[in-house]
Amino acid sequence: MKYFVLGSTYIVRLDAGEKIIETLKALCERDAIGGGFFNGLGAVGEAEIGHFDPESNGYSWVRLSDPYEIVSLYGNITVADGKPFIHAHIALGDNTFAVRGGHLKEAVVSVTCEVTLTRFRDDIGRTKDGASGLWKLALDPGGD
Amino acid sequence: MKYFVLGSTYIVRLDAGEKIIETLKALCERDAIGGGFFNGLGAVGEAEIGHFDPESNGYSWVRLSDPYEIVSLYGNITVADGKPFIHAHIALGDNTFAVRGGHLKEAVVSVTCEVTLTRFRDDIGRTKDGASGLWKLALDPGGD
Amino acid sequence: MKYFVLGSTYIVRLDAGEKIIETLKALCERDAIGGGFFNGLGAVGEAEIGHFDPESNGYSWVRLSDPYEIVSLYGNITVADGKPFIHAHIALGDNTFAVRGGHLKEAVVSVTCEVTLTRFRDDIGRTKDGASGLWKLALDPGGD
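Protein sequences appear in the order of chains A, B and C.
Using my numbering, the first residue of the first sequence is number -5, and each one after it goes up by one.
Using my numbering, the first residue of the second sequence is number -5, and each one after it goes up by one.
Using my numbering, the first residue of the third sequence is number -5, and each one after it goes up by one.
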């Protein structure tokens, strides 16, 4: 991973073999980024994505292992339980150009992955929701 | 809906049962946001999305009703006819990870929806295009 | 094409018949934009998208010709070989709301295309990778 910082924006390059979530989380820990968002593109060879079912209150997961284009990648950065927390969704395109997507657990870069990440000057928190067990955005100032 | 404002960025959380377009439009009206763009992720239980056919000059619509991940969501904020106007496209992933997408008319949040919205300091206008009847971006300064 | 500049953000409208990559590249050349990123939405009538196969180290391409919604569009702007270089991925939705996507070579706008482009104050470079022949982000300061 290599990156370049321009004001509040990080331009990040992930290389073959690097895990997207793990690598971005390490960058956030290192630079104390506790709030922000990012978009990305590139290609991955392995990914695990999830779909949440509100009825069963749980995720179903699929592991994908093939050459995929990252058709879209968007995520936000917050702090949960004192640590950087990355919430990202991804769309992946295969060699027939069909697209699959969902909640991104992890993906391994095959060729390259290019991310533009905008950092907030303040942290954004998350608190665990009792009902669902999910970490939801804790937004107080300015809220309803 | 709850939100947090950091400089020109709004971090917005929509909760179960809230309509994405309606809620963002209400936020823009309340805070007089007349220009901006946003990305989002989360999950919805109902959505109506459209596809425009230039030949018939009209949209075809589909109503989806199932647990969907918001695989991608991007939109812009402008002013049309004196009111905030939200133009957004969305990709939705079902429990087989198949993705459907198009122009977002409206969607109802099932679990949560997290949006990062960047506000411009000026309004961006739209004017109705005589030929298509669509509201197109009215961009004068800096244009060709 | 018409655009409006607000601080470091360009709001760009592409019109029917205009090519997305060619037009954005011309804008970057004209305004000496050598670093940035963008998101967009709209509709196209023709597109050529690619999928990279790391094994054969080459792209396979498909030409699509139908009315498509731009379900998602994200790209970055850099400088390669002294010229603006646009790297973008796209998801396209057809009239059944099925989505196809990949690396965007070029697409022709059918109705309109609306882009928000954030410009960096500095250029971001690319260098040709000997192994793959691809132009990879050249990120030195701040990198590992």
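I should point out that these hints are in silico values taken from the structure, not numbers from a laboratory.
One thing to keep in mind: the hints can contain errors.
Said to hold, decoys possible - Stretch-level coverage of chain B by chain A, calculated; a stretch enters the list once three of its residues show a Cβ under 8 Å from a Cβ in chain A:
1) 54 to 66
2) 75 to 81
3) 85 to 92
4) 115 to 126
None of the values given here were measured: they were computed from a predicted structure.
Every residue, glycine too, gets a C-beta built ideally from N, C-alpha and C.
Next item on the list: Output the numbers, in ascending order, of every earlier hint that fails for this structure.
Entry: 2, 4
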